[in-house]
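Chains as they are written, first to last, in our numbering: chain C, 1 to 145; chain V, 1 to 288.
Hints were generated in silico from the structure; no laboratory data involved. Keep in mind that a hint or two might mislead.
[Said to hold, decoys possible] Label-pair ranges, simulated between beta-carbon atoms: (1) C:Arg88 - V:Pro160: 13 to 23 Å; (2) V:Asp271 - C:Arg56: 51 to 61 Å; (3) V:Thr106 - C:Leu9: 25 to 35 Å; (4) V:Arg216 - C:Asp49: 30 to 40 Å; (5) V:Arg85 - C:Ser57: 30 to 40 Å.
[As the list claims (entries may be wrong)] A few chain V residues that face chain C, going by a derived Cβ cut-off under 8 Å, partial list only: (6) Ser44; (7) Thr61; (8) Gly64; (9) Glu67; (10) Thr134; (11) Phe217; (12) Ser219; (13) Ser257; (14) Asp277.
Beta carbons: idealized from backbone N, C-alpha and C, even for Gly.
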Amino acid sequence: MRTKQWKTLARRGAMAGAGLVVSVMLLGCAGGGQPRGTMAEGVVHQVTDDERAMTRSAAPLEWDSAVLWVNGLGCPQCSNNVDRQLKRISGVQDVHVDLSGGKVTARFMPGRRPSGQRLSQAMENAGVTLVKIEKGPEAGWVGAP
Amino acid sequence: MSRAAHRGRTVQVLGGVGVVAAALGVTQAAAQEVMHTEAATMPSPGTGVIRPQFHVYEYGTRPGSDEKSVREYEALTRISYGLARAWAVSLDVPVRWTDTLMTDGTREDDEGVGDIDAVFKCRVYRDDSDPISTLRAVVLAGAGITSGDARPFGSQSVNPKIGGALTMVRGRWGFNQDVIYTFNTGGRRETNMGGEGPDDALAYNSAVVYRVWPPRFSSETHGAWYVFGEVNGLYETNGDNELRFTPGVMYEGRRWSAEVVVQLPLADSLDHRPELDWAVGGGLRISF
Numbered sequence: 001m002r003t004k005q006w007k008t009l010a011r012r013g014a015m016a017g018a019g020l021v022v023s024v025m026l027l028g029c030a031g032g033g034q035p036r037g038t039m040a041e042g043v044v045h046q047v048t049d050d051e052r053a054m055t056r057s058a059a060p061l062e063w064d065s066a067v068l069w070v071n072g073l074g075c076p077q078c079s080n081n082v083d084r085q086l087k088r089i090s091g092v093q094d095v096h097v098d099l100s101g102g103k104v105t106a107r108f109m110p111g112r113r114p115s116g117q118r119l120s121q122a123m124e125n126a127g128v129t130l131v132k133i134e135k136g137p138e139a140g141w142v143g144a145p
Numbered sequence: 001m002s003r004a005a006h007r008g009r010t011v012q013v014l015g016g017v018g019v020v021a022a023a024l025g026v027t028q029a030a031a032q033e034v035m036h037t038e039a040a041t042m043p044s045p046g047t048g049v050i051r052p053q054f055h056v057y058e059y060g061t062r063p064g065s066d067e068k069s070v071r072e073y074e075a076l077t078r079i080s081y082g083l084a085r086a087w088a089v090s091l092d093v094p095v096r097w098t099d100t101l102m103t104d105g106t107r108e109d110d111e112g113v114g115d116i117d118a119v120f121k122c123r124v125y126r127d128d129s130d131p132i133s134t135l136r137a138v139v140l141a142g143a144g145i146t147s148g149d150a151r152p153f154g155s156q157s158v159n160p161k162i163g164g165a166l167t168m169v170r171g172r173w174g175f176n177q178d179v180i181y182t183f184n185t186g187g188r189r190e191t192n193m194g195g196e197g198p199d200d201a202l203a204y205n206s207a208v209v210y211r212v213w214p215p216r217f218s219s220e221t222h223g224a225w226y227v228f229g230e231v232n233g234l235y236e237t238n239g240d241n242e243l244r245f246t247p248g249v250m251y252e253g254r255r256w257s258a259e260v261v262v263q264l265p266l267a268d269s270l271d272h273r274p275e276l277d278w279a280v281g282g283g284l285r286i287s288f
């Protein structure tokens, strides 16, 4: 008898929980049509045509460090993907991933600067989208804030 | 083979899995993955994830048999590896023990290695709409392949499977959905706990994930706490259909994750296998 009561209680609890899961899924899907970037904790990347072209350029970057702005960096483990793929590029010395705004800072070895295209490929391999590349900090290192 | 020899072999298998895990080192994984629902995420090329899990399942009476209740312990190890951009492969190795209470009050126990699932994952769609949000879809194809273990849990067959999974992340929320069809070519009704018998099986799972902490990522975020709820469905072509509810908690760091779940029966119509009373599970995800 007690087992039966437990089963009934468990089933009702499960029913309520599942109802919650389905409701949240429906609400989430309904919210999928919102303007891009509105739910990413307030950060939206604005990209010019020149910046877009830089991510496809085969020419080495002109700076010793760069800030890569990426989309799809939704979790702590994604940042590890980014870190590992960037460090496979010859010339990349250090990487710091800031999850708050999809900001990845990379420092390069002197004279061994990678191209925007190579960085873009690494980001593709990491499963995120490189939106634009900017000049990184000149002095100090953001990896040790 | 004697029972002691069976135990020895099981220990060897578990030991082997442990040695492989240790030898592989330890590093990265994929996010928004929960315990029982597939996600459209994968390790990047040249990296992998080892995912040891332990589950306890308590089942009721098996229809048409002398089994009153069955408790199953499962040590499941999944190894996923990124093969190329948008391509990954995973292997699931389950080691199982069951303790069965018969209607006459006697007990029987079995142990063995179940079928090894080898599944390729190919990402067919990705839309990263902002720094956090993404929508991804993958196609899954592979097979449940007998481990060669002649004890009760091996099907002695190769069972192809095909399906897909969808993952959506919107700020603190994540959603996963999968559908996987298995063409069973072997298996035994007497030991089937769901999807492992001679009948084809359709698994359909949904999951909602919510990031509890931190509410906003910062430059110093190295880990996050999530709660999630899954609805796990399994239909077999013999007419059996079952829904389970699985709430859980997960901590995700940059190189490892840990998760615990409870699983409860939601609804079922089962004439060929025992229904679930409850289950608990826990696991780790370690990147290498």
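Comparing the hints with the structure gives:
{"no.": "1", "hint": "C:Arg88 - V:Pro160: 13 to 23 Å", "verdict": "violated (35 Å)"}
{"no.": "2", "hint": "V:Asp271 - C:Arg56: 51 to 61 Å", "verdict": "holds (59 Å)"}
{"no.": "3", "hint": "V:Thr106 - C:Leu9: 25 to 35 Å", "verdict": "holds (30 Å)"}
{"no.": "4", "hint": "V:Arg216 - C:Asp49: 30 to 40 Å", "verdict": "holds (31 Å)"}
{"no.": "5", "hint": "V:Arg85 - C:Ser57: 30 to 40 Å", "verdict": "violated (20 Å)"}
{"no.": "6", "hint": "Ser44", "verdict": "holds (5 Å)"}
{"no.": "7", "hint": "Thr61", "verdict": "violated (12 Å)"}
{"no.": "8", "hint": "Gly64", "verdict": "violated (21 Å)"}
{"no.": "9", "hint": "Glu67", "verdict": "violated (16 Å)"}
{"no.": "10", "hint": "Thr134", "verdict": "holds (4 Å)"}
{"no.": "11", "hint": "Phe217", "verdict": "holds (4 Å)"}
{"no.": "12", "hint": "Ser219", "verdict": "holds (4 Å)"}
{"no.": "13", "hint": "Ser257", "verdict": "holds (7 Å)"}
{"no.": "14", "hint": "Asp277", "verdict": "holds (7 Å)"}
When each numbered hint is compared with the structure, violations occur for hints 1, 5, 7, 8 and 9.
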